[in-house]
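Visitor: In case you want the letters, here they are:
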Amino acid sequence: MGNTSTQSPVLVIPCSGIGKVHGLMSREATYLVTDECAAGRTDTLCLALLVKGDPDAVAAVRSHACITIDGCAKACAEKNVAMAGGRVARAVQVAEAFKNHRGAKPGNATALTDDGWVIAREIAASVACEAASLSDAGEVIR
Amino acid sequence: MSAGISKVGIISCSGEAIPEGTISRLATRRVLELLRPEATVTLCLPLFLAGNEAERNFAKTHPTITIDGCDKLCAKWGTEEHSGPVHSSLVVADILGTKAAGCQRSSGNASRPDQEAVWAVAERIAAEVDTILSETESPDGAAAVASGAQCSCAGPVPGGTLTIEGATVRIPGLALIFGQCAERSIPADAGGCGALLDAVRIYHRIAPEEEAGYRGALLAAYQDFRIGVQPAK
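Residue numbers (our numbering), protein chains in the order written: chain A, 5 to 146; chain B, -6 to 226.
Keep in mind the hints are simulated off the structure, nothing from the lab. In this text the structure is predicted, and so the values were computed from the model without any measurement. Note that the Cβ used here is the ideal one computed from N, Cα and C, for glycine as well. Nothing false has been slipped in among the hints.
Lysine-lysine pairs mimicking DSS-like chemistry, simulated, CA-CA at most 30 Å apart:
id, chain 1, residue 1, chain 2, residue 2
1, A, K78, A, K103
2, B, K226, A, K24
3, B, K53, A, K78
4, A, K24, B, K53
5, A, K24, A, K109
6, A, K24, B, K92
Computed footprint of chain A on chain B; a stretch qualifies when at least three of its residues, placed anywhere within it, have a C-beta under 8 Å from a C-beta of chain A:
id, region
7, 0 to 13
8, 19 to 27
9, 70 to 78
10, 98 to 109
Model the full structure from these sequences, guided by the hints.
Guide: See below:
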């Protein structure tokens, strides 16, 4: 990013999950949104900046609608955005996307398989749709 | 390492916004999976805020290395602020210099420069792990043990076995090492033997007096690998 950008209307923030494939899926889904599905109307920022309490990152989540994508139920992205005073317009759980993909083998924490990319793209499409709704509804800047 | 001391903790920045963050993450994974699987453990950085007390105590219970993508040092700062002091702080940009310039954020777009960057950083982390282990190793060489919070990612990758002078030796991730050697165009003949040995030595201790035995066995296994035969498990 653009951690301080005010031109990127919706912030899509993945968890930093490094232990399981779900964290990688949240990350790759985010890039699919910001770089392909909703390029120009979405952006991301480093979740670690919020952990650090970086003033620019804090200001960014407070002034932009945020969509978080978490790999596990600990919901680090959602919780950290909320703790920074940001507004989570939608909180996505990667595990939810598996409900339509019973038995899928998405890969591991290092690399996604074709199954993993299919699910990541579904998540991305859903998030891009939500971002468009938020933008159209004028919920971008509080 | 003295009995009861924790594994070495590795905390990567998340770095979603920059390619160096992805390199940091993947290099950390490589150390956990392949280079030092028995001696390392990790935790998601944001868990210091979102997690429980055991997770917040991570750096107090593990000698910890932080890997940051940029000079904002979020992993180092976040770990020290919310968990405990870090033993070492590495920065991807410092390790790679300008080599990260052509790298990508998404692993789906990874190319050879991305892969080489990850290897370079992973090897630097592994060297730092070794430094910590050498500083804390006990005379009897007791193994590192797990304690406190950790992700479920610390399990070793499958290894390959070689027969060296009549003894069966297991090398973690041997097929992956061979794959990396092939990507680096290390030849499967006597000319590539030195480079092959160097590559394996990064992940597996080889005493000087053992080198001759390893050379022959590794070269034979690598030749098989290049024609599609996986190392024995």
